[in-house]
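Protein sequences appear in the order of chains A and B. Taking this note's numbering, I'd label the letters of the first sequence as residues 1 to 620. Taking this note's numbering, I'd label the letters of the second sequence as residues 1 to 173.
Hints are computed from structural coordinates only; laboratory data are not their basis. One should not assume that every hint holds.
[Stated by the list, open to error] Below, a list of computed lysine-lysine pairs in the BS3-like style, where the Cα atoms sit at most 27 Å apart:
{"#": "1", "chain 1": "B", "residue 1": "Lys124", "chain 2": "A", "residue 2": "Lys469"}
{"#": "2", "chain 1": "A", "residue 1": "Lys313", "chain 2": "A", "residue 2": "Lys408"}
{"#": "3", "chain 1": "A", "residue 1": "Lys135", "chain 2": "A", "residue 2": "Lys169"}
{"#": "4", "chain 1": "A", "residue 1": "Lys588", "chain 2": "B", "residue 2": "Lys120"}
{"#": "5", "chain 1": "A", "residue 1": "Lys428", "chain 2": "B", "residue 2": "Lys124"}
{"#": "6", "chain 1": "B", "residue 1": "Lys120", "chain 2": "A", "residue 2": "Lys469"}
{"#": "7", "chain 1": "B", "residue 1": "Lys124", "chain 2": "A", "residue 2": "Lys408"}
{"#": "8", "chain 1": "A", "residue 1": "Lys313", "chain 2": "B", "residue 2": "Lys159"}
{"#": "9", "chain 1": "A", "residue 1": "Lys408", "chain 2": "B", "residue 2": "Lys120"}
{"#": "10", "chain 1": "A", "residue 1": "Lys313", "chain 2": "B", "residue 2": "Lys124"}
The model shown is predicted, which means the values in this text are computed figures rather than measured ones.
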Amino acid sequence: MALLQIAEPGQSPQPHQRRLAVGIDLGTTNSLVAALRSGVSEPLADADGEVILPSAVRYHADRVEVGLSAKLAAASDPLNTIISVKRLMGRGIADVKHLGEQLPYRFIGGESHMPFIDTVQGPKSPVEVSADILKVLRQRAEATLGGELVGAVITVPAYFDDSQRQATKDAAKLAGLNVLRLLNEPTAAAVAYGLDQNAEGIVAIYDLGGGTFDISILRLTGGVFEVMATGGDSALGGDDFDHAIASWIIAQAGLSDDLDPSAQRSLLQAACAAKEALTDSQSVDVAYGQWSATLTRDGFNGLIESMVARSLKACRRAVRDSGIELDEVEAVVMVGGSTRVPRVREAVAEMFGRQPLTEIDPDQVVAIGAAIQADTLAGNKRDGGELLLLDVIPLSLGLETMGGLMEKVIPRNTTIPVARAQDFTTYKDGQSAMMIHVLQGERELISDCRSLARFELRGIPAMVAGAAKIRVTFQVDADGLLSVAARELASGVESSIQVKPSYGLTDGEVARMLKDSFQYAGDDKVARVLREQQVDAERLLEAVQGALDADGERLLDAEERMVIELQMDELRELMKGTDGSAIEQQTKRLSQVTDAFAARRLDSTVKAALAGRNLNEIEE
Amino acid sequence: MGTPCHFALFDLQPGFLVDLDLLATRYRELARGVHPDRFADASEREQRVALERSASLNDAYQTLKSAPKRARYLLALNGGEVPLEVTVHDPDFLLQQMQWREELEDLQDEADLEGVAAFKRRLKTAQQELNESFAACWDDAAQREQAERLMRRMQFLDKLSYEVRQLEERLDD
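Pulled out of the complex, with its shape left as it was, chain A reads as follows (with noise of 0.2 Å):
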């Protein structure tokens, strides 16, 4: 039998170990890693003192170029330099064309539908675009916080779909991060204002970046973190401003608007100077080639008016989803590096009736929430009470139905993880198999919404027409991402995928890069799988220990205690080995010994909620 390690009562055994975790806020334009330090959540700096990481890179010949120096070769070396990549995260080529802009990169196909962009170094996927930032932080954080991660909560835009999400879950995992929870940016943003100005009541959160926006509605309550309801436009951001200032100079220079990669980039930086620079003034001069204007901040109020518009509208269908009017926010937050623009200040006070507040950053303000959220999950207990997230689905979930229309399973704005099922009948005599379609969005035409998976229930018992029972299972996790089962009730035949959307990777891709991934970074392989398992192994053993400590005693008779003491001793004396597999396999035995025991230590946990809540009411 093991020796039981002691530890005070609501202490963790080993007090001194703090488990590193960082939040990622990974933009359009920049991205940004934080960590809590000294209880305090902040922004990690590189060498240089810079906590702000432009979202470029671009590809040489044997080397990757991320950052700032990366961006100011946009228009030097276009095709080979990758910007805002977020915007073609789980899109497919007809989509990106959608995006009404012209992109200056070579867009060939791939196995899958996701569009890759030919570079110097071969084709490159906007997942791996994004691995390649990520990487940078990751290395950042653990150059700065001296050690390796145990995981990174990653942001997503409220509004991205199931393939954006999964796009960005490859992306870090290509970087070789554990990805702890995707958190939806204005979620991670209310956690850093709640908790800085210890607000409770309604607040909205107002999140324009560089190419999405956000708007989500959230009660604050002792610490939980209650999305009402969310809306937005993932492809709406200051980068269509920089593009309708662009047009505007094409227009007025009397341009082709034919332009080569080169100078549609430096076009587009002009733009964004003068974009820029009236934040601060009412007019600014343009000048592009042998051509110069004055732009006044009327006049650029104009260009982006039906977009703010767009914004506005959205945040009055968010306020009614929530079920409530509008003069009920008590409070709007201001995030993203696009609320700068003071007409999109104006045009959100006006509409909430009162001054939205900017005193966090608004670049920094996602990352730090994150990373508050990542310290949470890697299981460091913080001061004050721990902080509880429910977020919701930002669009329906459903599947198509007979005439090509979209039956919703999953309404917007339901609060996650959520699990629903629904029937299904066959349609001919002998029908032998049904294709499920999986669709999102809003819109009762399939045409009109994203499809995200096909697959097939088959070897269906021959019978009449209608007397097949298919319960169609959807099931959304905390990270927002859907899994889908079908099974027919009669004879028990099922099928299920964990939904890779059809504008994702294929496995065969991913399998591709991660191995390139390995051969690139000069990884020994071997030894980093081993590594992986034996940071499963010590994740598991201490949970079970941690497990064992808290309610070994309660819900355990000796002779399962020992069972799992067993498998526990086990283990760590593979741990000493270097057998990878042997580990791995072990690592299982003592997952499945201890399934039992989860169970119960969760039930236990909802009947002492309630349990210390009588309590509570007994001492009023």
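Dock chain B against chain A, hints included.
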């Protein structure tokens, strides 16, 4: 644990009149215990159990929070499942439904925002009245048929208020 009654889960007496603030408070307490975030560094199995528990807690909460869903659930507890689709014999209400729908169409044609607001207020009053009537009769076996009828009316009004929201969205363009 089996499938316990949703009311027991939240430590509430089964009934139609529910203190929604209390329900929300208890929901948050329970969610703290089972949310997957609490198990982010636990074993895979524990994470899966947390996901399932959390999803069923959310489902129970949604059921009790919404009046029509709560009504349907109570009827199921108290005498069996009410079939989802059935020919409804409720001619008075059918007439009322048609009137409401016509009104809504007129409001859309005229793009009458103030009219929509007034319509919403009336809808709300009608919903409150239905809730009161249902509360008075749901547990009386002799009035079961009436209770089912009221529950279906609630469902219709719920759907109607969703349609009003959609109309508001269209008028917002």
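Hints, one by one, checked against the model:
1. B/Lys124 x A/Lys469: Since the Cα atoms of B/Lys124 and A/Lys469 sit roughly 38 Å apart, the hinted pair is violated (cutoff 27 Å).
2. A/Lys313 x A/Lys408: holds, 23 Å
3. A/Lys135 x A/Lys169: holds, 13 Å
4. A/Lys588 x B/Lys120: violated, 56 Å
5. A/Lys428 x B/Lys124: Not OK: A/Lys428 and B/Lys124 at ~44 Å, beyond 27 Å, violated.
6. B/Lys120 x A/Lys469: violated, 39 Å
7. B/Lys124 x A/Lys408: Holds, at about 25 Å.
8. A/Lys313 x B/Lys159: holds, 23 Å
9. A/Lys408 x B/Lys120: holds, 25 Å
10. A/Lys313 x B/Lys124: holds, 24 Å
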